[in-house]
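Residue-level listing of the chains:
Protein chains: 2
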Amino acid sequence: MDKKQALHAYIKEELLKRIKSGEYKVGEKIPTEHELCQTFNTSRTTIRTALNQLTLEGYLTRQQGSGTFVADKKVKQTLSNTVHRYSDQVKVQGKKPEISLLSISVIPADDVLQETLPVHTNDPIQRIERVRKANDEPTQYEISFIPWSIAPGITQHHAETSLYRTLKETFHIHVAKTTEHIEITLADERLSTHLKCEPGLPCFYIETVAEDSTGKKVEYSRSYFRGDKTNFMIERNYPHREEE
Amino acid sequence: MDKKQALHAYIKEELLKRIKSGEYKVGEKIPTEHELCQTFNTSRTTIRTALNQLTLEGYLTRQQGSGTFVADKKVKQTLSNTVHRYSDQVKVQGKKPEISLLSISVIPADDVLQETLPVHTNDPIQRIERVRKANDEPTQYEISFIPWSIAPGITQHHAETSLYRTLKETFHIHVAKTTEHIEITLADERLSTHLKCEPGLPCFYIETVAEDSTGKKVEYSRSYFRGDKTNFMIERNYPHREEE
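Read top to bottom, the protein sequences are chains A and C. Take 1484 as the starting number for the first sequence in the numbering used here and just add one per residue. Take 1484 as the starting number for the second sequence in the numbering used here and just add one per residue.
In isolation and in its complexed conformation, chain A is listed as follows (with noise of 0.2 Å):
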């Protein structure tokens, strides 16, 4: 690693702790590329190449013309739709939250959905796109698939506020169990359109199969999150044991 490559990851570190520690607030300009040359007494490549990272990461969003900016801060979610409900963790942080609709269908099941649910060849399946979002800005796409056997009949005004609510309260089927597969993707140009952001952008893609509590498959969904937006916390409390 020659000093050069050390330099550049130095910088983006310490402008980094800057935005995390406040010293930089979110909306606020950050000295220029000149300024910042003089600071760390470094050649302009250099510090475009920090600043460039910590943009692509979503730290800063530089505006043409008029210099570069801390970002707002990424969106925190656990990870879990039951535990914390998407609209009270988005409130908490001080943002307004909402549910889009994009469509409700009835697909036949394909072999995909035939592998992850309780169906048969051409069962018929109700698959819901949806787009949250936080004070306006797209945080999440979703596509989810629930067997029409499950829970016939599922609605707009369902869609848009909870599926596991509505599993609950209108088809009493208690969500008892999730497994979640985490994976980056690249955005496509579907995905950017409805996420509101440039093709190529790395993204979580979370595949969720919920269970009730008899262990049969009640739903599955894709879900896409804004790499350089999105903040998972996840929690867990370990029984003391003898072995591990």
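Everything labelled a hint here was simulated from the structure, so no lab data went into it. One should not assume that every hint holds.
One copy or two, it doesn't matter: identical chains are merged, so the pair holds either way.
[Claimed, not checked] Taking lysine-lysine pairs in the DSSO-like style, the calculated list, with each CA pair at most 30 Å apart, reads:
| # | residue 1 | residue 2 |
| --- | --- | --- |
| 1 | 1700 | 1616 |
| 2 | 1679 | 1500 |
| 3 | 1578 | 1660 |
| 4 | 1579 | 1616 |
| 5 | 1508 | 1700 |
| 6 | 1679 | 1503 |
| 7 | 1556 | 1700 |
| 8 | 1660 | 1700 |
| 9 | 1503 | 1579 |
| 10 | 1503 | 1699 |
| 11 | 1500 | 1700 |
| 12 | 1699 | 1556 |
| 13 | 1616 | 1679 |
| 14 | 1660 | 1503 |
| 15 | 1660 | 1500 |
| 16 | 1616 | 1512 |
| 17 | 1578 | 1651 |
| 18 | 1503 | 1700 |
For this one, chain A is given, so just place chain C on it according to the hints.
The following block gives chain C in isolation, referenced to the frame of chain A:
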């Protein structure tokens, strides 16, 4: 969204299905660009866009001059070092686990560490820098911080087996709770050296704080995982409650 954009997303999806279903097997060469053009009746540009995205996401690898192959499966990991130890997780997938210690040093607590751990300015903190591997391929780069006052004198042997086990067996500290924050970051040069990837690759970045049963914070760590090689699984059970 124009039709051409939709098309490569469709082709990507279709190829992904073939990989996930095992129609295209791990290590196998997939059809050439030319053949795929004919199969999907589309242009080379469209096929290339789909292949490039799948390569960046870690499903395919391209070998100069010899073609495009199905990449080795992503390393599945449960989120949490305690419940299932790294080595057990990796072994289950038929891979050889290994932890390489890069460095152990004692550093004075800085602002960030003071905010996170129960220490004062300049208190000695052990900084343990490690790379985890599966079949000799690096999967995780990790820096752990453990106050000297909590577990003095952590050794190379401790670091190369399990820190949580060391805390328990040598220092009688039971990790009772962890809080993890997950974000996406881009590999800088240092990280790309440790994870043997291109700079700029999207990676998972996880900060973990571990507490003992009295709520005292005993360890803070920063971990980085290659985005193209990692699939996290989170299982959760929800007690039945009337109010949600």
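Task: Alpha-carbon proximity between residue 1500 and residue 1700, which holds within one copy, between copies, both or neither at 30 Å - done: Intra 44 Å, inter 21 Å, cutoff 30 Å: inter-copy only.
Checking an output row: residue 1616 and residue 1512, CA cutoff 30 Å. Within, between, both or neither? within (25 Å within a copy, 41 Å between copies)
Worksheet entry | Intra- versus inter-subunit Cα pairing at 30 Å for residue 1660 with residue 1500 | Result: close only across copies, 26 Å inter versus 38 Å intra.
- [ ] With 30 Å as the alpha-carbon cut-off, assign the pair residue 1503 and residue 1579 to within, between, both or neither.
- [x] Classified as within; 23 Å inside a copy, 38 Å across copies.
Item to complete: Indicate which option fits the pair residue 1503, residue 1699 if close means a Cα-Cα distance not exceeding 30 Å: within, between, both or neither.
Response: between (44 Å within a copy, 23 Å between copies)
Cα distance capped at 30 Å. Does residue 1616 pair with residue 1679 within a copy, between copies, both, or neither? Within one copy, since 11 Å is at most 30 Å while 37 Å is not.
How would you classify residue 1679 and residue 1503 at a CA-CA limit of 30 Å: within, between, both, or neither?
-> both (25 Å within a copy, 29 Å between copies)
Q | Intra- versus inter-copy proximity for residue 1556 and residue 1699 (alpha-carbon distance at most 30 Å) | A | For residue 1699 and residue 1556, the Cα distance is within 30 Å only across copies (28 Å; inside one copy 38 Å).
### Task
Evaluate residue 1578 and residue 1651 at a C-alpha cut-off of 30 Å and name the case that applies: within, between, both or neither.
Close inside one copy (27 Å), not across copies (41 Å); limit 30 Å.
| message | Regarding residue 1503 and residue 1700, is the shortest C-alpha distance of 30 Å or less found within a copy, between copies, in both, or in neither? | response | between (41 Å within a copy, 20 Å between copies)
With identical chains, the pair residue 1556 and residue 1700 could be close in the same copy or across copies; at 30 Å between alpha carbons, which is it: within, between, both, or neither? between (35 Å within a copy, 25 Å between copies)
If the cut is 30 Å between Cα atoms, do residue 1508 and residue 1700 qualify within a copy, between copies, both or neither? Classified as between: cross-chain Cα gap 28 Å, same-chain 45 Å, threshold 30 Å.
In summary, the structure agrees with every hint in the numbered list given earlier.
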